[in-house]
Structures are given as structure tokens and as C-alpha cells.
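Student: Sequence:
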Amino acid sequence: MSSPRSDRSDRSETIDIIAKRPLTWAPWTTFAYSDVDYLILGLIVEQLSEQRIGH
Numbered sequence: 000m001s002s003p004r005s006d007r008s009d010r011s012e013t014i015d016i017i018a019k020r021p022l023t024w025a026p027w028t029t030f031a032y033s034d035v036d037y038l039i040l041g042l043i044v045e046q047l048s049e050q051r052i053g054h
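According to numbering that gives the first Met the number 0, the stretch in the sequence shown is residues 0 to 54, in order.
No wet-lab data here; the hints were simulated from the structure.
Hints are not guaranteed to be accurate.
[What the hints assert, rightly or not] Cβ pair distances, simulated, as ranges:
#	residue 1	residue 2	range
1	Thr28	Glu49	35 to 41 Å
2	Ala25	Arg51	32 to 38 Å
3	Ala18	Val44	16 to 22 Å
4	Ala25	Ile52	29 to 35 Å
5	Gly53	Thr28	31 to 37 Å
6	Gln50	Thr28	34 to 40 Å
7	Asp34	Ser8	18 to 24 Å
8	Phe30	Gln50	30 to 36 Å
9	Asp15	Gly53	28 to 34 Å
10	Ser48	Pro26	27 to 33 Å
Beta carbons: idealized from backbone N, C-alpha and C, even for Gly.
Can you make the complete structure from the sequences, with help from the hints?
Tutor: What follows is the structure in C-alpha cells.
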């Protein structure tokens with residue numbers, strides 16, 4: 000089991016990776032499914048609720 004500190008570190012790293020990735024296409028030019036929005040929403044819910052979601 001990982002410690003809460005490493006969980007925060009893992010989540011910070013995930014956010015950094017998402018934020019630094021360049022867009023594949025210009026906005027509003029094409030559609031591609033991505034669950035990144037749900038991942039970010041989950042991170043926000045965890046932060047606000049101070050509870051871990053999932054396993």
C-alpha cells in the first residue's frame with residue numbers, strides 16, 4: 000500500500016503530464032474521445048472530499 004504522501008506525488012505527476020502534453024489537433028477542428036476530463040474530475044473530487052476514490 001502506498002503512503003498518502005506518495006499518492007499526492009503520483010497525482011501531481013499525473014497532472015503535470017496532462018498539462019504538458021501538446022494538443023493533437025486545434026480546438027474545435029475534430030472529435031476524439033478521451034477520458035482525461037474524468038481523470039481530472041476524479042482528482043478534484045478527491046481533493047475536495049479529502050478521500051481517495053477507487054483502490
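Student: Can the suggested window of 28 to 34 Å be confirmed for the beta-carbon pair Asp15 and Gly53?
Tutor: violated (20 Å)
Student: For the range 34 to 40 Å, tell me whether the beta carbons of Gln50 and Thr28 fit it or not.
Tutor: Since Gln50 and Thr28 have Cβ atoms about 38 Å apart, the given range 34 to 40 Å holds.
Student: Range hint 35 to 41 Å: satisfied by the CB atoms of Thr28 and Glu49?
Tutor: For Glu49 against Thr28, whose Cβ atoms are near 39 Å apart, the range 35 to 41 Å holds.
Student: Would you say the C-beta atoms of Ser48 and Pro26 sit inside 27 to 33 Å of each other?
Tutor: holds (31 Å)
Student: For Gly53 and Thr28, compare the CB-CB distance with the range 31 to 37 Å and indicate the outcome.
Tutor: holds (33 Å)
Student: Quick check: does the Cβ-Cβ distance between Ala18 and Val44 fall within 16 to 22 Å?
Tutor: Distance hint for Ala18, Val44 holds at roughly 18 Å.
Student: How does the Cβ-Cβ distance of Asp34 and Ser8 compare with 18 to 24 Å: does it lie in that range?
Tutor: Distance hint for Asp34, Ser8 holds at roughly 22 Å.
Student: For the pair Ala25 and Arg51, does the Cβ-Cβ distance stay inside 32 to 38 Å?
Tutor: holds (36 Å)
Student: So does Phe30 sit 30 to 36 Å from Gln50, Cβ to Cβ?
Tutor: holds (33 Å)
Student: Return holds or violated for the Cβ distance of Ala25 and Ile52 against the range 29 to 35 Å.
Tutor: holds (32 Å)
Comparing the model with each numbered hint stated earlier shows that hint 9 is the single one that does not hold.
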